[in-house]
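There are 2 protein chains.
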Amino acid sequence: MNLTQASNSELNELYLTLKKQYEDYCCKGLKLDMSRGKPGADQLDLAEEMLTVLSKNEQMLSREIDTRNYGLLTGIVECRELFSEIFEVPVKNVIAGGNSSLTMMYDTMMRLWVFGAPDGKRPWCAEKKVKWLCPVPGYDRHFSICQQLGMEMIPVPMTENGPDMDIVEALAADESVKGIWCVPKYSNPQGYVYSDECVRRLAHMNTGAADFRIFWDNAYVVHHLTEERPVLLNIYDECAAAGTLNRVIMFTSTSKVTYPGAGVAAMAASDENVEWSKKIMTVQGIGPDKVNQLRHCMFFPDINAIEEHMKKHAILLKPKFDAVADILERELGGTGAGSWLAPKGGYFISFDSYPGCAKRIHKLCADAGVILTNAGATYPYGIDPEDRNIRIAPSLPPVSELTAAMEVFCICAKLAAVEKILGV
Amino acid sequence: MNLTQASNSELNELYLTLKKQYEDYCCKGLKLDMSRGKPGADQLDLAEEMLTVLSKNEQMLSREIDTRNYGLLTGIVECRELFSEIFEVPVKNVIAGGNSSLTMMYDTMMRLWVFGAPDGKRPWCAEKKVKWLCPVPGYDRHFSICQQLGMEMIPVPMTENGPDMDIVEALAADESVKGIWCVPKYSNPQGYVYSDECVRRLAHMNTGAADFRIFWDNAYVVHHLTEERPVLLNIYDECAAAGTLNRVIMFTSTSKVTYPGAGVAAMAASDENVEWSKKIMTVQGIGPDKVNQLRHCMFFPDINAIEEHMKKHAILLKPKFDAVADILERELGGTGAGSWLAPKGGYFISFDSYPGCAKRIHKLCADAGVILTNAGATYPYGIDPEDRNIRIAPSLPPVSELTAAMEVFCICAKLAAVEKILGV
Numbered sequence: 001m002n003l004t005q006a007s008n009s010e011l012n013e014l015y016l017t018l019k020k021q022y023e024d025y026c027c028k029g030l031k032l033d034m035s036r037g038k039p040g041a042d043q044l045d046l047a048e049e050m051l052t053v054l055s056k057n058e059q060m061l062s063r064e065i066d067t068r069n070y071g072l073l074t075g076i077v078e079c080r081e082l083f084s085e086i087f088e089v090p091v092k093n094v095i096a097g098g099n100s101s102l103t104m105m106y107d108t109m110m111r112l113w114v115f116g117a118p119d120g121k122r123p124w125c126a127e128k129k130v131k132w133l134c135p136v137p138g139y140d141r142h143f144s145i146c147q148q149l150g151m152e153m154i155p156v157p158m159t160e161n162g163p164d165m166d167i168v169e170a171l172a173a174d175e176s177v178k179g180i181w182c183v184p185k186y187s188n189p190q191g192y193v194y195s196d197e198c199v200r201r202l203a204h205m206n207t208g209a210a211d212f213r214i215f216w217d218n219a220y221v222v223h224h225l226t227e228e229r230p231v232l233l234n235i236y237d238e239c240a241a242a243g244t245l246n247r248v249i250m251f252t253s254t255s256k257v258t259y260p261g262a263g264v265a266a267m268a269a270s271d272e273n274v275e276w277s278k279k280i281m282t283v284q285g286i287g288p289d290k291v292n293q294l295r296h297c298m299f300f301p302d303i304n305a306i307e308e309h310m311k312k313h314a315i316l317l318k319p320k321f322d323a324v325a326d327i328l329e330r331e332l333g334g335t336g337a338g339s340w341l342a343p344k345g346g347y348f349i350s351f352d353s354y355p356g357c358a359k360r361i362h363k364l365c366a367d368a369g370v371i372l373t374n375a376g377a378t379y380p381y382g383i384d385p386e387d388r389n390i391r392i393a394p395s396l397p398p399v400s401e402l403t404a405a406m407e408v409f410c411i412c413a414k415l416a417a418v419e420k421i422l423g424v
Numbered sequence: 001m002n003l004t005q006a007s008n009s010e011l012n013e014l015y016l017t018l019k020k021q022y023e024d025y026c027c028k029g030l031k032l033d034m035s036r037g038k039p040g041a042d043q044l045d046l047a048e049e050m051l052t053v054l055s056k057n058e059q060m061l062s063r064e065i066d067t068r069n070y071g072l073l074t075g076i077v078e079c080r081e082l083f084s085e086i087f088e089v090p091v092k093n094v095i096a097g098g099n100s101s102l103t104m105m106y107d108t109m110m111r112l113w114v115f116g117a118p119d120g121k122r123p124w125c126a127e128k129k130v131k132w133l134c135p136v137p138g139y140d141r142h143f144s145i146c147q148q149l150g151m152e153m154i155p156v157p158m159t160e161n162g163p164d165m166d167i168v169e170a171l172a173a174d175e176s177v178k179g180i181w182c183v184p185k186y187s188n189p190q191g192y193v194y195s196d197e198c199v200r201r202l203a204h205m206n207t208g209a210a211d212f213r214i215f216w217d218n219a220y221v222v223h224h225l226t227e228e229r230p231v232l233l234n235i236y237d238e239c240a241a242a243g244t245l246n247r248v249i250m251f252t253s254t255s256k257v258t259y260p261g262a263g264v265a266a267m268a269a270s271d272e273n274v275e276w277s278k279k280i281m282t283v284q285g286i287g288p289d290k291v292n293q294l295r296h297c298m299f300f301p302d303i304n305a306i307e308e309h310m311k312k313h314a315i316l317l318k319p320k321f322d323a324v325a326d327i328l329e330r331e332l333g334g335t336g337a338g339s340w341l342a343p344k345g346g347y348f349i350s351f352d353s354y355p356g357c358a359k360r361i362h363k364l365c366a367d368a369g370v371i372l373t374n375a376g377a378t379y380p381y382g383i384d385p386e387d388r389n390i391r392i393a394p395s396l397p398p399v400s401e402l403t404a405a406m407e408v409f410c411i412c413a414k415l416a417a418v419e420k421i422l423g424v
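Protein sequence lines correspond, in order, to chains A and B.
Quick note, in the numbering used here, the first sequence goes up one by one and the last residue is 424.
Quick note, in the numbering used here, the second sequence goes up one by one and the last residue is 424.
Quick caveat, the hints were computed from the structure, so don't treat them as lab data.
Hints are supplied without guarantee of correctness; some may be wrong.
Given that identical chains are not distinguished, each listed pair holds provided it fits within a single copy or across any two copies.
[Claimed, not checked] Mimicking EDC-like on lysine to aspartate or glutamate, the simulated pairs with C-alpha atoms at most 16 Å apart in a straight line are: (1) K56 / D42; (2) K359 / E48; (3) K344 / E228; (4) K56 / D45; (5) K56 / D211; (6) K121 / E175.
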């Protein structure tokens, strides 16, 4: 039944049925979490051998250094080489860091805020106003960084080819607009891959701010769910061609390759950006955990080893994404209660409810023991103007739990839509 | 021969002899490093078993969480308990972090700078002037943090009981003085332990700034060289008694217990400081490397295990400190060319040259292939007003190399003194 075309009596009847179904689920005492993009335990198990690749004192030397001792601010060269392959950027432009790319992004933003960019006039905190472009829906932790620093976030609509570049170009002409968040491959939450044209326009566009920065969070660079290997144009090369090499700072990590929180993160940037980062970083610390870097490099001698490893993740993840899509199609297909995307990589399914229902669905689910990412979380300041978008994270629960959780979700989505249409 | 009482002809003769000895060493092509407090490879070898204490998937659960996955901003409880024993502070007041206490100090200072203290009027960057007390000689990396932020560092003389508290109290009355660096046990570089009176006065003194902070860097809390166990008064308890619990933030790490750069760092502070830290930290990252925390907690079930482990370090380190002291006594005893301290813990020997000779000694040593910590490094802005203090770090080189390096050092110390006295 298409809810938007149903009669009032049909809707009233459905409302009672859905309410009964919902209450039955509420009694079950479910405790299911689809809120964050956490790998499942079976995925974490895949890295078991990494735990013991370094087991003896005599294995602890990297090419340059005893990894157990102090030193090497930018990480061991083996690790920088590995990330150089992933970023497709020269080794000298890669900094291998600690356990979190989010922290590298935060710290980079803080450096811009407190000390200013190498090509900027002043620290950003000394600017009258700092604005930042936020493709939406997007990643809440990105937005939190801007919000903590009091930047003004400007939402930019995402398209299946990336952020709407007509709008980005128009906004970037404002000199108080200092940058943009990008998750260019399997975007969070939609799973879109930026088109060649989008990447080119980002690299070549005129910006009002000389120190405009693209935070290129390539979190899902090797996180495929299918056999397809969408090619993302190399923005570093494009910026080089455009003479805007300081514009882009690239980030990634092995958080969803080996262990979240115990992986290795990295960034890549122009010579000038790297020198600037190092000059400030050298006061913040002596160096990253090189033992864990070496452990990763022993486990992954090259990018092919990572690719092979990611196929094992896909084998575990794909059935979960398929289960979600199947249940959504079965329960919501043709109802008008929502639409969704079936991504080819990444960690999320982006769901758009009937307008004005996302918060209600989140609440209904929570009361039934199913935890979703907060409605609105995919928008700056937590404000989804249409109250529609919900990020579904299917990776953590086993398929059986996921199925139960999605059944609850679909009942809630329909119930919220019926409530909204009926005005109850 | 006491150089300060020698005749000119004696000095001239000695000058030629020393110069000849020095030139002989220069020809040897030495390459010896006593510049940083790095553990020797034999010390790092002591932690070999820690590499494999976690070897199986089923071992990766802490009491609260799968350590491999995201979460737990303040670290796993096992690790917080271990540091709670070390700090002698309740578990709830402990944050177990990443691989570097220096980074925790830097990040804490940055939070005060950008966001302000929970009990402060405004972010420190918005103050007209921020001053910071620096006991001297002290740790160069502490000073670098203040310098990078543009704080005004005020040197305070160290005594064998801690910083000169008459001076500290007088300076702290100025409301623009926001805090002080302290290495309270086996201070860097002298190896002094703060007296009970000093700790009490730090906790109880009146400060002009309501948001005055003591950065209590207890880096060498378990790093004994002898059988003595000097008791450091618990400043946390003293601050509690004084009603100044927000004043102190404690830091330490296992960098020189297990691995520098691949250890675990921690901080401890009041409820209010911890809540304030967490609120800002939660935007900077999702959590520390919990796998490495669990690895440490398996290797060290409690503080006794750490104490036992540190005895093994002392067995390796003590002969190095003894060798340095023996050579200094043999070559410089009674010459007036310098004085030094024989510490009972920590990582350094603090050497004071004949006045105005430290830079010259550093240069002479460097030219002969012996790298020392930069002269002046133990003072804010790298300026040692008397140009005397040199921090000797004997831990890294094997004893044979250390002996060679110290022989060069002593020749350089005498040569520089003779040059200075003769005015050549």
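Structure-based check of all given hints:
In the homo-oligomer, the alpha carbons of K56 and D42 lie at most 16 Å apart only across protomers (13 Å), although the nearest pairing inside one protomer, at 27 Å, exceeds that limit. Proximity of K359 and E48 under a CA criterion of 16 Å is satisfied in neither setting, with 39 Å inside one chain copy and 52 Å between copies. In the homo-oligomer, the alpha carbons of K344 and E228 lie at most 16 Å apart inside one protomer (8 Å), although the nearest pairing across protomers, at 63 Å, exceeds that limit. In this homomeric assembly, K56 and D45 come within 16 Å of each other (Cα to Cα) only across copies, at 9 Å, whereas the closest approach inside a single copy is 22 Å.
In this assembly of identical chains, K56 and D211 lie within 16 Å of each other by CA distance neither inside one copy nor across copies; the values are 47 Å within and 48 Å between. Proximity of K121 and E175 under a CA criterion of 16 Å is satisfied intra-copy only: 12 Å inside one chain copy versus 31 Å between copies.
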